[in-house]
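Sequences are here, hints too, so could you generate the full structure?
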Amino acid sequence: SSWWSHVEMGPPDPILGVTEAFKRDTNSKKMNLGVGAYRDDNGKPYVLNCVRKAEAMIASKKMDKEYLPIGGLADFTRASAELALGENSEAFKSSRYVTVQGISGTGSLRIGANFLQRFFKSSRDVYLPKPSWGNHTPIFRDAGLQLQAYRYYDPKTCSLDFSGAMDDISKIPEKSIILLHACAHNPTGVDPRQEQWKELAAVVKKRNLLVYFDMAYQGFASGDINRDAWAVRHFIEQGINVILSQSYAKNMGLYGERAGAFTVICSDAEEAKRVESQLKILIRPMYSNPPLNGARIASFILNTPDLRKEWLVEVKGMADRIISMRTQLVSNLKKEGSSHNWQHITDQIGMFCFTGLKPEQVERLIKEFSIYMTKDGRISVAGVTSGNVGYLAHAIHQVTK
Amino acid sequence: LAAYRTDEGQPWVLPVVKKVEQMIANNNSLNHEYLPILGLPEFRANASRIALGDDSPAIKENRIGSVQSLGGTGALRIGAEFLRRWYNGNNNTATPVYISAPSWENHNSVFVDAGFKDIRTYHYWDAAKRGLDLQGLLDDMEKAPEFSIFILHACAHNPTGTDPTPDQWKQIAAVMKRRFLFPFFDSAYQGFASGSLDKDAWAVRYFVSEGFELFCAQSFSKNFGLYNERVGNLTVVGKDADNVQRVLSQMEKIVRTTWSNPPSQGARIVATTLSSPQLFAEWKDNVKTMADRVLLMRSELRSRLESLGTPGTWNHITEQIGMFSFTGLNPKQVEYMIKEKHIYLMASGRINMCGLTTKNLDYVAKSIHEAVTKIQ
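Chains as they are written, first to last, in UniProt numbering: chain A, 1 to 401; chain B, 1 to 376.
Hints may be right or wrong, so weigh each one.
As the list claims (entries may be wrong) - Straight-line Cα separation of at most 30 Å, DSS-like style, residue types lysine-lysine; simulated pairs:
#, chain 1, residue 1, chain 2, residue 2
1, A, 130, B, 253
2, A, 62, B, 253
3, A, 358, A, 130
4, A, 367, B, 253
5, A, 61, B, 19
6, A, 44, B, 288
7, A, 61, B, 288
8, A, 375, B, 253
9, A, 156, A, 198
10, A, 30, B, 253
If you're looking for bench data, these hints aren't it; they were derived computationally from the structure. Values in this document were obtained by computation on a predicted structure and should not be read as measured data.
Here it is in structure tokens:
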């Protein structure tokens with residue numbers, strides 16, 4: 001007999017399951033609005049020009065393949081910190097931070113989660129917004145922490161339940177951990193306005209909470225990297241020493257290269273060194289040291305003025321296309337004669353949109369129109385093109401009229 | 001960290017790797033999309049095939065699984081996390097894990113951080129006779145609680161360079177079978193040790209042929225020289241396809257919360273190489289180049305020490321295999337080497353054979369001679 005007779009079959013990943021079903025569908029009009037990966041207006045994956053240029057530069061240098069340090073490529077981690085914090089950031093200039101390279105967003109989140117489990121003794125509770133990215137919960141749970149929630153999304157208005165959020169957060173036990181999406185909230189696309197962020201910072205400071213920012217879409221949300229990092233920077237300026245996870249999967253299209261970073265803002269440079277030493281002790285038994293390719297591409301882009309300029313234009317281009325698809329979807333729905341209020345589609349920001357569609361309606365979209373999305377009504381706007389936005393609007397109208 | 005060096009003391013990007021990287025760079029149809037959670041399918045199948053052999057009964061019977069991982073370390077960690085959750089009960093953190101004395105120092109941390117509470121050592125290195133303490137090893141296995149997990153080095157034991165002979169492996173397997181001990185192989189040097197992929201995989205394949213269910217953590221860091229691309233694979237051999245499928249589905253969940261999906265660059269290079277007969281042949285040749293240089297350095301060092309009449313026996317230098325050699329120098333002698341001769345070795349007396357070159361062989365041999373004769 002086998003050692004594994006009692007091992008249960010794991011449930012299929014809900015998001016990837018959407019893509020599986022999509023692949024099997026033979027309808028020529030089918031649309032995959034499941035996975036969060038950017039597509040161009042032809043529905044194709046988009047490799048950024050600045051990435052191709054960086055790759056060509058790297059290839060010509062004929063570098064070796066020696067191990068990176070445990071904490072990753074220094075040029076990359078420094079540039080990552082500067083990108084997030086801003087070059088004028090006091091925390092950045094005084095080096096009172098540590099940034100280590102992580103395996104894209106997930107790996108960076110996990111390093112942070114493991115670090116909290118080992119060193120944050122005040123609480124085991126991580127407060128997530130309701131809803132949050134599906135993978136947040138198992139990441140923190142596997143790290144040994146417990147999950148709690150604060151109100152965030154208001155399904156009645158398809159926008160932010162700000163008073164609910166403030167109410168819940170003001171009651172979180174002191175010194176708990178709170179996770180915030182820096183921009184382009186996943187899955188809802190609903191972000192606080194700057195005035196709301198100011199109030200959130202104040203209440204979080206009052207409750208003495210440890211703030212964990214997940215920033216997976218810097219630049220990709222509004223098209224402006226500084227605007228998208230505003231919340232993170234504001235919190236730090238208010239004296240809140242946040243911890244932060246960054247991903248370059250979307251904003252540089254480096255998905256499979258796994259480029260990411262984890263940062264801890266510290267009291268001073270000396271504390272940062274101690275924290276760094278502990279992060280390395282956590283990383284070594286996970287995978288020893290991180291993969292070079294994606295980090296090196298990102299580093300070339302961030303550190304080469306011409307490439308960086310080009311990148312900013314390209315990331316704005318992606319953000320603009322998404323914004324334009326949102327606009328077109330709403331106008332097409334109006335043209336179809338829909339009487340519903342679809343303003344939330346253009347109010348929301350980033351790759352995802354919480355349409356407000358109910359599970360039964362989603363089911364119909366899948367079955368009758370071959371339009372695939374997750375059951376919660378989330379669509380990846382990146383999967384919408386000028387060629388299929390009309391079809392999408394038509395289908396949504398059919399199932400909601 | 002240990003990496004291969006040429007006779008000029010330089011890092012070496014394998015010619016076949018350069019070629020394949022160029023092919024990848026020129027292929028405009030490739031993009032940077034996410035790999036599946038378990039990794040690039042062509043990589044996984046080929047990587048496991050390399051470990052188990054083309055004619056592996058386990059492959060033929062469709063009872064193997066593979067998880068592309070972040071280097072050998074990543075493969076070990078996924079395997080350890082799975083075992084902690086699902087082996088010998090559910091979440092049984094008390095299952096003893098046995099690691100050789102000595103072993104790669106990170107082995108301990110991997111299993112501790114995966115949640116195991118009872119990490120033990122098994123006898124391995126006999127310092128007096130400078131070889132394998134087989135009897136000690138077998139005794140430890142006899143005494144180990146049933147279902148204990150044993151971390152076995154598939155070849156080129158790190159740090160001693162001392163491997164069991166096929167006959168000794170047979171004895172080890174017999175005890176493990178009788179005592180229901182779980183074999184978790186760490187294979188970081190396949191091909192790099194002897195120059196032959198098949199020879200270096202003999203132990204793993206023997207265990208498979210004996211009907212064991214096992215894990216094998218593979219690294220392509222050394223044999224492909226792809227250190228910083230983090231290319232590894234966890235090969236799972238089970239009783240049947242159904243069991244393996246369920247195991248993989250749970251490993252997928254573990255991967256999803258650790259790194260979501262693995263990096264594509266290194267896996268593409270390995271997959272492209274292994275699936276082309278011509279590139280595969282070139283790769284084997286490159287691997288043999290590395291292995292042969294190390295073997296040459298071993299024989300040259302030994303012959304110099306014997307010519308110098310350095311006290312002691314030095315056959316262990318050529319009998320050991322792989323990147324490392326346990327010279328037998330004691331800590332005081334090691335200190336002499338470092339301080340007086342500026343030759344860097346570990347306090348254990350472990351030397352990285354890749355650091356030897358035709359230019360420094362004489363110096364190293366003379367230094368060892370001095371250390372042994374001057375310091376006791």
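Outcome of the hint check:
1. For the given pair, residue 130 of chain A sits about 22 Å from residue 253 of chain B by alpha-carbon distance, which is consistent with the 30 Å threshold.
2. Among the hinted pairs, residue 62 of chain A with residue 253 of chain B is inconsistent with the structure: their alpha-carbon atoms are about 37 Å apart, more than 30 Å.
3. For the hint pairing residue 358 of chain A with residue 130 of chain A, the CA-to-CA distance comes to about 17 Å; that is within 30 Å, so the pair holds.
4. Our distance criterion of 30 Å between C-alpha atoms is met by residue 367 of chain A and residue 253 of chain B, whose separation comes to about 28 Å.
5. About 15 Å separates the Cα atoms of residue 61 of chain A and residue 19 of chain B, which keeps this hinted pair within 30 Å; it holds.
6. Distance restraint check for residue 44 of chain A and residue 288 of chain B: the Cα-Cα separation of roughly 42 Å exceeds the 30 Å cut-off, and the hinted pair is therefore not satisfied.
7. At most 30 Å may separate the alpha-carbon atoms for a hinted pair to count; residue 61 of chain A and residue 288 of chain B meet this at roughly 27 Å.
8. Restraint check: the Cα-Cα separation between residue 375 of chain A and residue 253 of chain B comes to about 20 Å, which is no more than 30 Å; the hinted pair holds.
9. For the hint linking residue 156 of chain A to residue 198 of chain A, the alpha-carbon distance of about 25 Å falls within 30 Å, and the restraint holds.
10. A threshold of 30 Å between alpha carbons decides the hint, and for residue 30 of chain A with residue 253 of chain B the separation of about 29 Å falls inside it, so the pair holds.
When each numbered hint is compared with the structure, violations occur for hints 2 and 6.
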